[in-house]
Amino acid sequence: MKTAHPLLIVFFCCLLACNFLDDPEPTGSIPIGQAFRTADDIEAGLVGAYDAVQNGHLLGRNLIVFPDLMGGNADYTGSGWFGLPEIANLQISTTSWFVENLWRQAYLSISQVNQILASLPEVRRNDASVSPAEYDRMEGEAAFLRGAVYFELVRLFALPYEEQFLDSLGVPLVLEPVLSKEDLRFPSRATIGEVYQQVIQDLDLAIEKLQPASQRGRANRFTALAYRACVAFQQRDYDSVKQLTLELVENSPFKLTDTPGKFFMEKGTAEAIWVLLNEPGDGITGGGLSNMFYGSTVRPNLKSEGYEKIVTPEQLSRIEADGFRVVDLRVDTGFISNYPFVTPDTAFVRKYTDDSDTPVARLAEFMLMRAEALARTGDMESAVFLLNKIRGRSLRIVGANGFVVPEAEKDYVFFETTDDVLEAIIRERRVELAFEGNYFHDLMRLKSEDVQGKRYDDPKLRFPIPQREMDANPALVQNTGY
Amino acid sequence: MRTISLFPLVFLLYLSPLFSQSLTIKGTVKNADGLVLPNATILVKNTAKGTTTDENGRYSVTVPGTDAVLEVRFVGYQTMEVPVNGRSIVDIQFQASAGYLDEVVVTAFGMDSRRNLTGAISSVGEEVFENVSVPVFQRALQGRLSGVVMTNASGGLDADAVIRIRGTGSISAGNQPLIIVDGIILSSNPGPESMGYGLNPFLTINPNDIASVEVLKDAAASVLYGARAANGVILITTKKGNFNQKPKVTLGYYAGFSEMSKRYEVLNGREYASLWNESVLNAGADSSLLYVNPVSQPSTDWQDLITRRGFVQETSAGVSGGTPSSSYYFGGSFRDENSYMRTVGMQRYSLRASIDQKVGEKFTIGFSVAPSKVVNNRTGNQYAGSPLGSATWFAPNVEAFDENGECRRDRIFTSNGGSWGTSNPCVTLEDQWIETNTLQALTNVYLNWSPAPGLHFKTDFGAEASQIREFGRHGEAHRFGSTDGTGWEQNQQVFNYNWTSMATWQSQWTANHSLEATLGVQLTKEAFDYSYVWFEGFTNDQVRYINSAAQVAYSEGVKTSAAFLGYFTKLTYAHRQKYLLTLSARHDGSSRFSPDRRYGFFPAVSAGWVLSEEDFFSIKHVDFLKLRSSFGLTGNAAIGDFAYAGLVDVSPEYGGRPGSILTSIDNYDLSWEKSRQFDVGLEFAFLNNRLRGSLDYYVRDTRDLLLDAPVPATNGVSVITQNVGAVRNQGFEFDLSFDVLQGDFSWIIQANGATLKNEVLQLADNDGDGKEDDIVFRGRMLYRPGESIGTFYLVKYAGVDPANGDALFYDLEGNRLSNQAPASNRQIDGKSLPGFTGGMTHNFGFKNWDLTAFFHFKTGHSIYLEDHQFYLENNMATGGNQLKSQLNAWTPENRDTKVPQARLETGNGNQPSTRYLHRADFLRLQNLMLGYSFRDLGRAGARLRVFGAAQNLLTFTKFPGPDPDTEFYAVNNAAVGTVRLNLPASRTFTLGLNLEF
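Protein chains in written order, with my numbering: chain A, 1 to 482; chain B, 483 to 1479.
Since the hints were derived computationally from the structure, they do not count as laboratory data. Treat each hint with caution, since some may be false.
To be verified - Under the rule of at most 30 angstroms between Cα atoms (straight-line distance), these lysine-lysine pairs were calculated in the DSSO-like manner: (1) A:Lys267 with A:Lys303; (2) B:Lys1253 with B:Lys744; (3) B:Lys721 with B:Lys512; (4) B:Lys1253 with A:Lys181; (5) B:Lys1041 with B:Lys855; (6) A:Lys242 with A:Lys309; (7) B:Lys1041 with A:Lys181; (8) A:Lys460 with B:Lys855; (9) B:Lys1060 with A:Lys460; (10) B:Lys508 with B:Lys1041.
Said to hold, decoys possible - Computed footprint of chain B on chain A; a stretch qualifies when at least three of its residues, placed anywhere within it, have a C-beta under 8 angstroms from a C-beta of chain B: (11) 181 to 194; (12) 387 to 398; (13) 410 to 421.
As the list claims (entries may be wrong) - Chain A side only, calculated, beta carbon under 10 angstroms to chain B, not exhaustive: (14) Ile30; (15) Ala39; (16) Glu162; (17) Gln164; (18) Phe165; (19) Leu166; (20) Ser168; (21) Val174; (22) Ser290; (23) Asn401; (24) Phe403; (25) Val404; (26) Pro406.
Nothing here was measured: the structure is a model prediction, and the numbers come from that model. Where a beta carbon is used, it is the ideal one built from N, C-alpha and C, also for glycine.
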C-alpha cells in the first residue's frame, strides 16, 4: 500500500481541480448586469446604438436606397443583391431577407436605446464623473435615435400619415428594456397616431436636451430639429415645418458647398447636418451605398420628369432666345462637372464612392423643405429665393462658345405662377435629393396617384410584417395585401 | 466539491481486501485466428478463484500450487481445461472459431467481445476505408452503419457532413454525435466558413489510418461519454501493432480522376434571349429591353468554364509489429486531389506513430501522436455569387473571353443593354483565391497499473491541438473585390484535452459469478479562439497579403472556452456469461450552464441473456442467440459557451470609438438537455454462423430540450434558449451478414437498415395563450407537437391557370388562389427526415479475384430547392438564367403545363410553395471495386493486390436537383432538407495497388 498512495494521487489528482468549471469566462463580452453602471458605460452603449443604426440594413444603407427604388427614381438591374429587384418592383414578399433584417436591426437599435434610457437615472445619481450637461446629451442622443428609428419604421410598414389612417396599424411600440427571459414581450401593433406621438415626444426631448454642437457623425440639437421637421413635413404640417426649419436654415452654422458634388466628394463639409460615418472599422465599406447603387440604373422618368425639366418652359424659352443653353452640374454632359450624380447614356447612379459617408440630413434638403412650406403658406418670394440658391449651385447657362454666362442666370430665376413655384420646388427636391432616401416618402406626402403605377395608399406600397415575426408573435396582424 | 474529496478514500476502502496474494500465473487468451479475447473467464479448478481477461486478452490469477488446472471459458467455445504444469506463463488458444460473434469491439472502456455487450453498438472495420478514394472518413461511412444517417453539406472536397444517429433529438442544440479518436474528444466545430459552408473539421484524419469505427447508440454503450452522448458517439480507433508480432509492412498507391456527377441544365444563349423577350412582353415591361434578334445571340456554357476533369492520388505506407514487451505502428500518407472545380484542391500530409510498452510486471505505458497538415485551395460555395452559383444564373448570351483568350474582366452587357457587372462566373472563380492551412497534432498518453490480479488503474490523457490559417483575396473585377481588391486573413486555434482516470476491479467469485466494478473521473477542457481581418486596396491583383493592403477595413476576434467535469461508475455482473447485468451512473457538470444548474445525473441499466447457452435451448441451425436491453439517460450540452448569460458585446465601434451592444439576455435556468433511451436488441447467428446479425428497437425521448425558441425580434433578441419541449425518435434497426456462398467462389452480403419515426412531443408556450407555440424556421420548417421535426409547411402549389398562365395555389379550403397566396394558407406537406435508410454490400470472391459493390439509400423524405425558387425556376422574376424546364412555361399555345407564364421581374409562382418541394428518395451505387491479388510473393504472407474502383457511379432518383444527398444549412441544424446551389458529389475512378509483406 505504501507505493500505492502516490500513484493513486497521480491517478485522481484531477479531483483537485475544484474550480475547474468556473475557469471559462466570456471574453469580449460583459455580463448584462455590469454593462450599464457608469457614465462611460452609457457612452459605450450609445456608440453601440449608433453602430446598430448605421448598419447596412438600417440608416447606413437600405433606408437610403429603398425609397428611391420604390418611388421609381432608380431601378436595380444589377446581379449582386438578390431580393432587391422585388423591392424595386414593389413585389415584396413576406419572407424578404431585406425586410426581415430591417425589422430586426431596427428593434435591436430600439432595445439598446431603451436600455440606455432606463439605466440613465440611476447612473446619473451614482456617477458624478461627468457633468449634468453630459448626461443631458446622452439622454438626448438616445431619445433622438429611438424617435428616428420609429419614424423610419412607421413610414415603411404602415399606411401614410393621414387623418383617416391615424387609427390604422402602425408598428409595435417597445419602450422598456428586455434584459432577461422574464422581460420578453409579445407586443401588438400600436396605431399610426400613437407611433407618431411617440416619435414627436422623443424628438422634442432630444431638441430640449441636446446642444448645437457635437462630434462629427453624432446627433445634436440641429439633427433632432431636422428629424422633427421631417416628421412635421410628413404630416403636411407646413406651419410647423416653417418654424422648425427657421433655425436650421436661417440661423445655423450650415452652409451649402459651392458645387453640388462637393458634399459627396469631401467629408465633413459645412452642408452636413447628420451623416453616418463610413470609416475603416465600421464594417459597411464595400457593402455600402456605392455597392448597392452600382447595379442601379436611373429610371427614364427621373430624366424626363426631373433633370430635363428643371427649368420651366417659359424659362427655357427665355434662355434659348438669348442663344444660350442650360447645363446641370449634377448630370454628366461632358461639361465642367467634376462629380456628376448620373451619367446621361447608361444612366447609372454615381452619387457615392466606397468611402462616402451616408447622408441622412443635409442643408439643401431643409432649404427645399422650408421653401415648400413657405410657398404653401403664401411666402412666395422667400420660397423662390431658397429654391434658386439650390438651383443656382447646379445650373449653368452656357453661351454658344461653351463658356458660362453668369449674367444669364436671371433667365431662370423668375417664375410665372405660384403653381410653377411649387412644382419647381417639388421637382428640384426630386432631382437634388435623388438617391438619398426621400422620394418615396415625398410621394406619400403628396398623395401621388402614380407610384410606379400605384396609388399612394395601395397595400403593395407597404412593407409586410416579416413572416418570421408573424410566426413568432401571434399578437401581430399582417398588413392588408400580404 | 467537498463530497468529491472523499472519493479516493472510499476507493481505498473498497479495494483494500484485495491486497492479499500468493503464487501468480499469467498469460494471454486468443481465439482460433490468434486474436486476443477480452473478457474470457479463467477459473482455477476446484477453488473459488478466477478472473477474466483484460482488453488485451491478458489475465493474471493466483493458484494454490504448480499442479493447478485452469478452466477457460468463452461463450460459443468449448470450455478448455489447461493444466498449469509448473509454468508461470500460460498462454491459451481456443481451437474452433465461433465466427462473427467473437469479433472484438471497442467500447468506451476498451475492448470487449460482442458476446458480452449489453449496449447497442454498430461497427465497421478498416475494409470500408481501404483504397476508397474519399477526402474524409465520413463519406466512406455513408450507409454503412444501421441508424447512422450521413448527408454531405456539399459535394465539395472540404465540405462537412451531417451525421445523425437514431434520428434527430434536439431542435436547437447540436445534433452532431460526439466524435472520439483514440480517446481524444475531437472538436467538431466546422472551420472557417467565410465563403459558404464551414471547412470539414476532420480532413486531417487519414481514413486509411482507421482500424475500426464503433458507433455507441444507447445509454448503456456510451457510459464513458454519457453526459454528452445524447446524439450518440462515434469511436474511431486507429491502427496499432500487437505484442509478439512480426513486422508487417504495407504500401499502397492509387490515382484516378473525378468529374461533376450532375450539372444544372440551364438555357443556352438563344433559349435564354427568347424566354427573356417573352417575359418582357408578358410583364408589359419597357420594349427597349427586348433582344432584337434572339436567335443570333451568342452562347456561353459557364459551368463548363469553371469545371474540369479532377485528379486524385494517394500514397500510404505503414509498418507495425511488436516484441514481447512492446508494440508499435508507424504510418504516413500523402493525398493530393484536384477537384472538378478548376481552382479547388487539397493536399494532406499525415503521420501517425503509436507505441505501447510494458514496464516490469505491473505497468504498461503507451503513447501515440498523429501530426498532420492539410492545405485546401477553396472557392466560394452555395451562395448566388459563388462560381457555381453564378454559373447557373449568369446571362449565357454573352462572350466569356477577350481577344487574348482570357476571362473578360470588363463590365459585361447583354446586347439589350442589361448590365451584368464585371464578376462573371469565370472571374468569380479565377479572381477569388483562398488558401486554408490546417495543422493538427493529436496526442495521447496512457498509463496502466495493475497492482494486483483483477485490479487495474488506468489514466489516459488525450489532446487535440489544431490551427487553421486562411488567406483570402478577391481581385478588382470580383464582386467582392470593391475598387482595388479585398482580402482577408483568418486564424483559428483549437486546444482540447480530456483526461480520464479510472480504477477497475474484476473478480471471479466462483465459477459462475463474475463482477467488474469501475470508478472514474473525467476532465475535459475545450478552448477556441480566432481572429479575422478584412483589408482593402491593393496596387494590383498579384499582391496578396495583408502587408500590401492599403487599409484594414474590418476585424474581429473571439476567445472562448468550456469545461466539463464528470464522475462515473459502472458495475457489471455476469453469471456463467449467460446472464449479464450492467449498472452505470455519471454525475457531470459543464461550464456551459449557470453555476447553480451545472450538474446533471445520468444513470443507465442494461442486461443481456444469452439464450443459446441455456440447457433447454436446442433449436436446429441456431448457433447463438442473445437478448439484450438497456435503459438510461444521456445528456447534451452542445450550445454556445455562455448561452445562459445575458451578454453585452464590446466589439462595435462608431466614429473611432469603442461601443457595446446587447447580444443576449439573462437566462439562468438553463441546464442539460437529456435523452431517455430504451433499447431492446436481439443478436443472432444461424446456419453454422453463416447468417449473423442483430435487430434492435429503440425509443429515445429527448426532454428538457435546449430549445432556441423564436421570440419576437421586437425584444431586441430573436431567439432565447430554454429547457423546454420534448422530441421522440423511435425505430427498428438491423445489421445482417450472410455468407451466401463459401469456397472457391464466395459471396457475402452485408446489409443494414433503419426506420425512423420522429415526433415532436412538446414545445414551449411563450406567448402565454395556453397553447404550445408552433416554431417555424425559414418560413417553411414546422415544429409542432405531433409532427416530425422540421415538417414542411408550405402553401400548396396548384399548377397553372390554363386561361392566363397565372400560377395557382390552394387555400386551406382547397380553393385555388391566383398568383399569390398569403402565408396563412401554409399546410403540412412532407417530411424532412428520411423514414428508412440503409446500405448493402455485395462481396464476391473467385480465387484471386475480388469484387465489391456497395449501395446506399434514403427514402421517405423531401428536399426544398431554394435555388430553384430564388434563381432558376422563378419565371424570370430575377431576370437571370433559368433551367431548361422553364422552356415549358405557359404560352397561349402551351396551356397544359405546370410552369407559369414567364414575367420579367414580376412574381408569378415564385413564392415559397410546394412547387419547389420534391421527394428525394434515392439509391446510389456508392462504391464499386474490382481487385486481383498475387499471394505469397517471394515469401509467405506477402501479397500484392491491384484494383480499380469507382465512387458514386450511379444514382437512381426522381429528385430534380443535382444531388439528393446534400444539405445546404449548417450541419448542426435540426431542420435539414434544403438544397441551394450545393455542389454535386464528384464521380471518381481510381486504379491502384497494395503491397503487404
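**Study point:** Hint numbers contradicted by this structure
**Key:** 2, 8, 9, 10, 12, 13, 15, 16, 17, 18, 19, 20, 23, 24, 25, 26
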